[in-house]
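Asks: Listed here are the chains, written in short residue letters.
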Amino acid sequence: MIFIKNAWYVAAESHELTGNLLGRTICGDPIVVFRDSNGAPAALEDRCCHRHLPLSLGKRTGDKIQCGYHGLEFDKTGTCVSVPGQKRVPPNASVRPYPIVERYRYIWIWPGDPDKADPSTIPDYHWNDDPNWISNSGYFHVQGNHQLLVDNLLDLSHVQFVHATTLGADGVTDAPLHTYRDADQVRIERWIMDKKPPAMFATAGNFLGNVDRWQLISWTAPTHVVIDAGCANAGTGAKDGNRNEGITVYSNHTITPETNDSCHYFWHHARNYRLDDTELTKFLANAAQTAFGEDVDILAAQQRNIDSAGRHWEGIDINADAGVLQARRVVTKMLEAET
Amino acid sequence: MIFIKNAWYVAAESHELTGNLLGRTICGDPIVVFRDSNGAPAALEDRCCHRHLPLSLGKRTGDKIQCGYHGLEFDKTGTCVSVPGQKRVPPNASVRPYPIVERYRYIWIWPGDPDKADPSTIPDYHWNDDPNWISNSGYFHVQGNHQLLVDNLLDLSHVQFVHATTLGADGVTDAPLHTYRDADQVRIERWIMDKKPPAMFATAGNFLGNVDRWQLISWTAPTHVVIDAGCANAGTGAKDGNRNEGITVYSNHTITPETNDSCHYFWHHARNYRLDDTELTKFLANAAQTAFGEDVDILAAQQRNIDSAGRHWEGIDINADAGVLQARRVVTKMLEAET
Amino acid sequence: MIFIKNAWYVAAESHELTGNLLGRTICGDPIVVFRDSNGAPAALEDRCCHRHLPLSLGKRTGDKIQCGYHGLEFDKTGTCVSVPGQKRVPPNASVRPYPIVERYRYIWIWPGDPDKADPSTIPDYHWNDDPNWISNSGYFHVQGNHQLLVDNLLDLSHVQFVHATTLGADGVTDAPLHTYRDADQVRIERWIMDKKPPAMFATAGNFLGNVDRWQLISWTAPTHVVIDAGCANAGTGAKDGNRNEGITVYSNHTITPETNDSCHYFWHHARNYRLDDTELTKFLANAAQTAFGEDVDILAAQQRNIDSAGRHWEGIDINADAGVLQARRVVTKMLEAET
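So the sequences go chain by chain: D, X and Y. The opening position of the first sequence corresponds to residue 14 in the working numbering, with each subsequent residue numbered one higher. The opening position of the second sequence corresponds to residue 14 in the working numbering, with each subsequent residue numbered one higher. The opening position of the third sequence corresponds to residue 14 in the working numbering, with each subsequent residue numbered one higher.
Rather than coming from a laboratory, the hints here were simulated on the basis of the structure. Be aware that one or more of the hints could be misleading.
A pair holds if it fits inside one copy or across any two, identical chains being indistinguishable in the list.
[Claimed, not checked] Lysine-lysine pairs mimicking DSS-like chemistry, simulated, CA-CA at most 30 Å apart:
1. 208 to 77
2. 100 to 208
3. 100 to 252
4. 89 to 72
5. 72 to 208
All chains, please: the whole structure from these sequences, using the hints.
Replies: See below:
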């Protein structure tokens, strides 16, 4: 399995961790994620070093995890601190711990070299817990490689075809696309000027006429995509910075590899207008859940076709792939650097 | 996967294609089959040359297929004629087209070298749309290699055991068997003289006493089997050509490889008597559906046992396999010629 | 697949064989088990030597099995004695027979070299049909390697964690453990003196105070485990041989490999007190079924984690594994001797 390991990935949404032991496979590793007695998150290899049972089938006792098979206990660093029936713990008895940080309502994990884990490099998703924004979030388990989902988000020309009845609207693919790259980031910008608003925005923003619409995608390696998507009344200067007559949604996505052909898909939507409108919140949550579910079906069908084609198959690229290709180049370099 | 590719296979029954895009795997290839705006059938590789999505998840626009992911459009020859967001189509943008012909209420496809596809070699199944005959048809998805199903049909001694309560009757296996081979055809003939009629024929023909019964099998490589099965009052000269006191059913079968261990099974039954008797038609349709369903279960169990045995396993042959062995020899030669 | 083949394994409980043909995979071999017209058990390869169909899909005719596909008949020795449509049976037409013995309400089979099959080496499970004992029995299909289940039974320290609410009680793992080995047997003994009785024993024995409790495990290679577990009023000399003020349950287990990652698990419980108490019988049967079901879940989770870890993974051992390690050494030697 091929993954960039030296990277922060989302292991779970904060609300998924209460008193439970959450077992989840990340970059091919079985991992148990939990909170200690103070609520701080911890992550250990989800496989007892004695007889392989997933620790997530055991229980938490104070700040320790007790294996559900023979009762070995592990502290938060993965060190075995107690073996029933004997006073001495074998010196090599331990499971692997993973660096973990809670931020932006996400539990972030670092599956690679722990010495390289620097929390200051966690990508910015502040919209998800910023009091000036209101956000909806959700999770999908995807039966496709994580890169396919990154590709999907970096080429929004698919919106017109996959999400025709939800996010989509005509005219997207005709708008010019600009791609910028620096270091481990790629930005892809598209402005669709003076067109009808798509269904979701029309409802949310009560637009009567045409709009100037923007899709500003920012990808941070390896799998983090922030999309500033919005529209304003046509001709009111949105492109030049005046968005007072428009609405913005941050459609943010972060993807965690599970296996070679599956991944975890975390998304949230955040807006900074009509914060108290719970009806609108519900409407946008449903719209996002429906639209992203359409992508999930696409990705699974893609993966099946890739698997059946075998390695010899090569596809073609189109202009809309400019951002995808830039990002893939960054990923290839990072993979080479790791191996 | 090992298939004879230079051959006509049934991709679908005619009635399966209305306005839909039918995705079906044939000889290991994912293929989308559809009708153009004039109702003429067409078949393309079911995998967009851009990002692998099955084209069968897209939609038909006029005579073109539009991919459901990024909107690339392909004409009936598989040429990509439009890419959203750009004026120029990449010169190598295309998917593979397959020769296709509609005949005898079947859609025939040629998965091999298109230059060798000669519609005059489509095997004769005229009974299926001949106004002098009335026919029932059906489809089974079989979890076994196509050759196992051909074997099944070329050794009807199984009828006595697998179809004891439907098609079967005692005495079949004791009757002498004659096998004839020429080029890519094998004929297997069995006459069962002066015996009780099997249940289905007894009901259909109202026979009061014994019958002379025939099973005349004609196999055309690689997977096409026509069976002229009938019976007449015993001693009325059916064997010498007088079938006026009997009834005939053409029990026809054509099999399309899907993968190494699965296939598509198309069958029809045709008779040339009591054409207006809809009760009889219903009775025969049910009888066939039930009986062939018994074969489908057998084939899946066979395949599982073959898989678990591995390659080292070798079985024995019996006299009743004469036709099977002739046909397998033809298939081996054809496979060698292709590779 | 790696199995000790020269060994007696339980193919079925006696009551499973009535007039049926029971198909079961044992040590990777598909096997059909049945009774002849006199009720004597027989076992044959479950794969017709002609076209691979499982013979268990056929039927018994007298003392023979008739294949359900083309009607070949096999006697109890596996010799094909009849082929429909021909007088002569091909000389190599046969399926493999397996040595088989019915004893202790079990059908025992020998998947290895038949010349080495000596019924006197069938392990002692007389409690299961001894009139002085009353027993409950049951079967589980386990999605884990048979050795994992043997390990489980040879380290009862798991009882305290896996079966906390059924068989378990505190204090088990603190009690000293003694391990004895001779030839292909390992005995593991633990006495837990002057403690509260576990739930199941408390109910069964109406103990008012503390008990002296014993777990005497006897393993016979490769997969047979007899456990004499009981308790008596504390201080009444149970350890010295006086068990008059106690109760005993033989908790017996015998495991049959199916594939590398699955096995058949046969267990029975036998007691020699309150033989007529049907309520108690029911209570103990339910308790055993529930408790062993907990093990089955553990084993499947273990196997999944072993599979995902790959071969490079190595665990640690603890003191409680003394018996497990002794037994594994015996198994390794036996496997080496066979190959």
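Asks: With reference to the structure, classify each hint as holding or not holding.
Replies: Consistency of the hints with the structure:
1. 208 to 77: between (58 Å within a copy, 27 Å between copies)
2. 100 to 208: Between copies only: 21 Å across, 74 Å inside.
3. 100 to 252: This pair counts as between: shortest inter-copy Cα distance 25 Å, intra-copy 70 Å.
4. 89 to 72: The answer is within: 13 Å in one copy meets 30 Å, while 53 Å across copies does not.
5. 72 to 208: between (57 Å within a copy, 25 Å between copies)
Hint compliance for this structure: no hint is broken.
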